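**Q** All chains should be modelled from the sequences, with the hints used to inform the complete structure.
These protein sequences, in sequence, are chains A and B. One gets this note's numbering by counting positions in the first sequence from 1 and adding 1125 to each. One gets this note's numbering by counting positions in the second sequence from 1 and adding 132 to each.
Everything labelled a hint here was simulated from the structure, so no lab data went into it. Since the structure is predicted, the reported quantities are computational estimates derived from the model, not experimental observations. Among the hints, a few may not be true.
Stated by the list, open to error - Cβ-to-Cβ under 7 Å is the rule here; a few derived chain A residues that face chain B:
1. 1168
2. 1198
3. 1233
Said to hold, decoys possible - As a list, the in silico SDA-like pairs of lysine to any residue whose alpha-carbon atoms are at most 25 Å apart:
4. A:1182 x B:162
5. B:135 x A:1201
6. B:135 x A:1136
7. B:240 x A:1199
8. A:1136 x A:1187
9. B:202 x B:182
10. A:1140 x A:1225
11. B:148 x B:202
12. B:240 x A:1225
Built from N, CA and C at the ideal position, the CB exists for glycine as well.
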Amino acid sequence: GAGVSQSPSNKVTEKGKDVELRCDPISGHTALYWYRQRLGQGLEFLIYFQGNSAPDKSGLPSDRFSAERTGESVSTLTIQRTQQEDSAVYLCASSNRGGANSPLHFGNGTRLTVT
Amino acid sequence: AQKITQTQPGMFVQEKEAVTLDCTYDTSDQSYGLFWYKQPSSGEMIFLIYQGSYDEQNATEGRYSLNFQKARKSANLVISASQLGDSAMYFCAMREVTAGSYQLTFGKGTKLSVIP
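**A** The structure is reproduced here in structure tokens:
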């Protein structure tokens, strides 16, 4: 498809387990973003990748959260030792350049439930 | 201080009427961009409209227009001729260019309900 693809769409995990969330951006998009959206809340920035530049990790809430991106393609968000407060929808987005006027194109998200 | 403030948690509008969703922002940057997104109950985030800080004209996209008042730091979304399908959450967002990171900072959103 032409849009941002995220997998899995839903993930239920036990507290303390590690999870990996995957994002496949729109082909040719150099910028990739991860956001978190708790139930009924706005979007919380986590991390931003732009080409081969160092990522902006300023939004990661703790060292249990990390993300990688291979070149300008797939990204993986990893949450270690999950906690119940990590339950949220994790949204990935991409844009075709890092300019001020480039809108973000979002995937449908991964709904993470930590039991 | 919040960078994006949306003061209306919920709004109701009669079908076919116009509605304004408020957004104020806080930045010391001269170069920034303002965005509005729609999030239906299905959860997808749909880009609606963009306004650049240097744009002299208010942005318009079909039934959507942005009432940009730079001195007041407001970027209100106007939806004309509301339709039932406009019922959704609406998020205002800002990108501050000079910060070096191109992340968008989002407001908490306004839930719009269109009444038949």
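**Q** Does each hint fit the structure? Answer for all of them.
**A** Against the structure, the hints come out as follows:
{"no.": "1", "hint": "1168", "in the structure": "4 Å, holds"}
{"no.": "2", "hint": "1198", "in the structure": "19 Å, violated"}
{"no.": "3", "hint": "1233", "in the structure": "6 Å, holds"}
{"no.": "4", "hint": "A:1182 x B:162", "in the structure": "24 Å, holds"}
{"no.": "5", "hint": "B:135 x A:1201", "in the structure": "28 Å, violated"}
{"no.": "6", "hint": "B:135 x A:1136", "in the structure": "32 Å, violated"}
{"no.": "7", "hint": "B:240 x A:1199", "in the structure": "29 Å, violated"}
{"no.": "8", "hint": "A:1136 x A:1187", "in the structure": "20 Å, holds"}
{"no.": "9", "hint": "B:202 x B:182", "in the structure": "14 Å, holds"}
{"no.": "10", "hint": "A:1140 x A:1225", "in the structure": "39 Å, violated"}
{"no.": "11", "hint": "B:148 x B:202", "in the structure": "29 Å, violated"}
{"no.": "12", "hint": "B:240 x A:1225", "in the structure": "21 Å, holds"}
Going down the numbered hints, you'll see the structure goes against 2, 5, 6, 7, 10 and 11, while the others check out.
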